[in-house]
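Listed below are the residues making up each chain.
2 protein chains.
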Amino acid sequence: MEVIRLPSKMQSWALDQRAHGFTLAVVPTMGYLHEGHRSLMRIARRRAGRVIVTIFVNPTQFGPNEDFERYPRDWERDRAICEAEGVDVVFAPDVGDMYAPDHSVWVEETRLSRGLCGAYRPGHFRGVATVVLKLFHLTQPHVAVFGEKDAQQLRIIRRMVRDLNLPIEIVPGPTVREPDGLAMSSRNAYLSPDERRQAAGLWKALQAVQARFAQGERRAAALIETVRMELARTAPSAVPQYIELVDDETLEPIEQIRDRPALLALAVFLGTTRLIDHIVLSP
Amino acid sequence: MEVIRLPSKMQSWALDQRAHGFTLAVVPTMGYLHEGHRSLMRIARRRAGRVIVTIFVNPTQFGPNEDFERYPRDWERDRAICEAEGVDVVFAPDVGDMYAPDHSVWVEETRLSRGLCGAYRPGHFRGVATVVLKLFHLTQPHVAVFGEKDAQQLRIIRRMVRDLNLPIEIVPGPTVREPDGLAMSSRNAYLSPDERRQAAGLWKALQAVQARFAQGERRAAALIETVRMELARTAPSAVPQYIELVDDETLEPIEQIRDRPALLALAVFLGTTRLIDHIVLSP
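One line per chain: the protein sequences are L and A, in this order. Per numbering that gives the first Met the number 0, residue 0 is the first one in the first sequence, and the count goes up by one each step. Per numbering that gives the first Met the number 0, residue 0 is the first one in the second sequence, and the count goes up by one each step.
To be clear, the hints were calculated from the coordinates, so they are not data collected in a lab. Backbone N, C-alpha and C define an ideal beta-carbon position, used for all residues, glycine too. Mixed in with the good hints, there may be bad ones.
Unchecked claim - List of simulated lysine to any residue pairs, SDA-like, C-alpha gap at most 25 Å:
| # | chain 1 | residue 1 | chain 2 | residue 2 |
| --- | --- | --- | --- | --- |
| 1 | A | LYS203 | A | GLU84 |
| 2 | L | LYS8 | A | ASN164 |
| 3 | A | LYS148 | L | LEU14 |
| 4 | L | LYS8 | A | PRO235 |
| 5 | L | LYS8 | A | LYS148 |
| 6 | L | LYS8 | A | ARG161 |
| 7 | L | LYS8 | A | TYR241 |
| 8 | L | LYS8 | A | TYR119 |
| 9 | L | LYS8 | A | VAL238 |
| 10 | L | LYS8 | A | ARG17 |
| 11 | L | LYS148 | L | GLU107 |
| 12 | A | LYS8 | L | LYS8 |
| 13 | A | LYS148 | A | PRO235 |
| 14 | A | LYS8 | L | VAL142 |
| 15 | A | LYS8 | L | ALA18 |
| 16 | A | LYS203 | L | GLY20 |
| 17 | L | LYS8 | A | GLN16 |
| 18 | L | LYS8 | A | MET97 |
| 19 | A | LYS8 | L | LYS148 |
| 20 | A | LYS203 | A | ASN164 |
Unchecked claim - One side of the interface only, derived from the structure: several residues of chain L facing chain A at Cβ under 7 Å:
| # | residue |
| --- | --- |
| 21 | VAL94 |
| 22 | VAL106 |
| 23 | ASN164 |
| 24 | ARG195 |
As the list claims (entries may be wrong) - Residues of chain L placed beyond 10 Å of chain A at every Cβ, according to the derived structure:
| # | residue |
| --- | --- |
| 25 | ARG4 |
| 26 | GLY20 |
| 27 | ILE42 |
| 28 | TRP105 |
| 29 | LEU137 |
| 30 | ALA210 |
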């Protein structure tokens, strides 16, 4: 396994592999890798002759009061995980090599980014779209694998690929959960033992919604109320930032599920830790 | 010479040529081709085994009160010119194939686009950067040739290539001028015979600035006043939109030329026709 730090070196390696006829897959990550990332690497491994994992805690997607500085990092462990998953290249650039001091070009998605997390994290998806496009140009992939857990991000990246005509197939990887249902996330490391226990309530609440939907409930208000009640019961310390029902494609809020899939998404704080999860409800 | 209309077909052609080891050059244009475009095609021809010319009047770079509808078009003539210049592929997509009805991803350059034309054409460079990036993804060039005439555009595209890590060399093509000095532009076709005569005054004014600079003048106010006086003399109907002296790299206004190249740029209206020109002053 090769570790590449310099963007220019990453790009020439990728272009060279392409010129030799290899199919390239990339798994963009912020490191502190867990089972969820490993599952994305395995999907990538099945899809391509060369697998690149990028590890980059991207400052431009963090707000000024967010957790960029304290975001967990463990380079040696990440490296060992990539090696164990048969990754060909880990691309782990320095911030200063990714952003010039006078960096001034940004990718803005103007519709899907408005609501949900975008409403509470101004600039977040601009930072995500920009860095993902940069990483795409640097790693020249045929295939890119993203976790379904970051539902809004996945939809925005797909939209970017469509609208900017990128010749890249976006492959979603199913959310990997802890035994109690908590979606795997590097940020789970922030949770105290009590918060960690309560965190399982997010998934319990979403399962309760799934059950009500299966029984025929289609009204947003009722489905959202189910989440609130379940959360209050199973995660009493959880402070919801949002709980919303939106169209799965446009991400516009809907009052009622009719003939199109809907996304029930939520973000909650447990202490200072912000957790997100979602469920897709397909009529 | 092949004419391609569909974006998907353009991209698969380009990727296929790349896979076969060819070097690709692209010349993005809005058509109504003139000697300036031909000189760019010749530069492209010298640099690559395959030359692509794109012809696309991009609606997203025109303001609501600008000349998108009446922008001159002459497909048969353009096609003949490309053929004569030994172009391999003309890519001339339909607007509806380039922009989905719910298109929502834009490339924003936030520094270099603020002043000069950007100040008077809000959204213009967003449209330019977005369509150029789309065309880059569709034509997969190693080299892209842009006219120096659109000085701000050229600098923004170079910045985009740097900040988004595109593996593309941007090659500038010198401005081609009519015998009387008027920079070639498809928009010159709008000019009445009298306006056309006066239009030569732009270049005369810039030459007068060059002469004063050669004599040692370094103050913005004096150089700009030279342009105003020369324009008043040689193009009395011309209404300047802006005449500015800026740093050639940052495009920030400067009061005095010191140790870095400066750009003296102007936009003037002759009747309803907006013309731009510039000169680089290198100490």
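For each hint, the structure was consulted:
1. LYS203(A) - GLU84(A): violated (31 Å)
2. LYS8(L) - ASN164(A): At roughly 12 Å apart (the allowed maximum being 25 Å), ASN164(A) and LYS8(L) satisfy the hint.
3. LYS148(A) - LEU14(L): violated (32 Å)
4. LYS8(L) - PRO235(A): Violated, because 56 Å separates the two Cα atoms, which is more than 25 Å.
5. LYS8(L) - LYS148(A): violated (34 Å)
6. LYS8(L) - ARG161(A): holds (15 Å)
7. LYS8(L) - TYR241(A): violated (43 Å)
8. LYS8(L) - TYR119(A): violated (40 Å)
9. LYS8(L) - VAL238(A): Roughly 50 Å between the alpha carbons, so the hint for LYS8(L) and VAL238(A) is violated.
10. LYS8(L) - ARG17(A): Distance of about 20 Å is within 25 Å: holds.
11. LYS148(L) - GLU107(L): Given pair LYS148(L), GLU107(L) holds - Cα atoms ~21 Å apart, limit 25 Å.
12. LYS8(A) - LYS8(L): violated (31 Å)
13. LYS148(A) - PRO235(A): holds (23 Å)
14. LYS8(A) - VAL142(L): Distance of about 19 Å is within 25 Å: holds.
15. LYS8(A) - ALA18(L): holds (20 Å)
16. LYS203(A) - GLY20(L): Violated, at roughly 54 Å.
17. LYS8(L) - GLN16(A): Since the Cα atoms of LYS8(L) and GLN16(A) sit roughly 24 Å apart, the hinted pair holds (cutoff 25 Å).
18. LYS8(L) - MET97(A): At roughly 32 Å apart (the allowed maximum being 25 Å), MET97(A) and LYS8(L) break the hint.
19. LYS8(A) - LYS148(L): violated (34 Å)
20. LYS203(A) - ASN164(A): With Cα atoms ~39 Å apart, LYS203(A) and ASN164(A) exceed 25 Å; violated.
21. VAL94: Violated: closest Cβ of chain A sits about 14 Å from VAL94(L), beyond 7 Å.
22. VAL106: holds (6 Å)
23. ASN164: holds (4 Å)
24. ARG195: Violated. Min distance 37 Å.
25. ARG4: holds (14 Å)
26. GLY20: Violated, since 7 Å does not exceed 10 Å.
27. ILE42: holds (23 Å)
28. TRP105: violated (5 Å)
29. LEU137: violated (5 Å)
30. ALA210: holds (33 Å)
Hint compliance for this structure: hints 1, 3, 4, 5, 7, 8, 9, 12, 16, 18, 19, 20, 21, 24, 26, 28, 29 are not met, and every other hint is.
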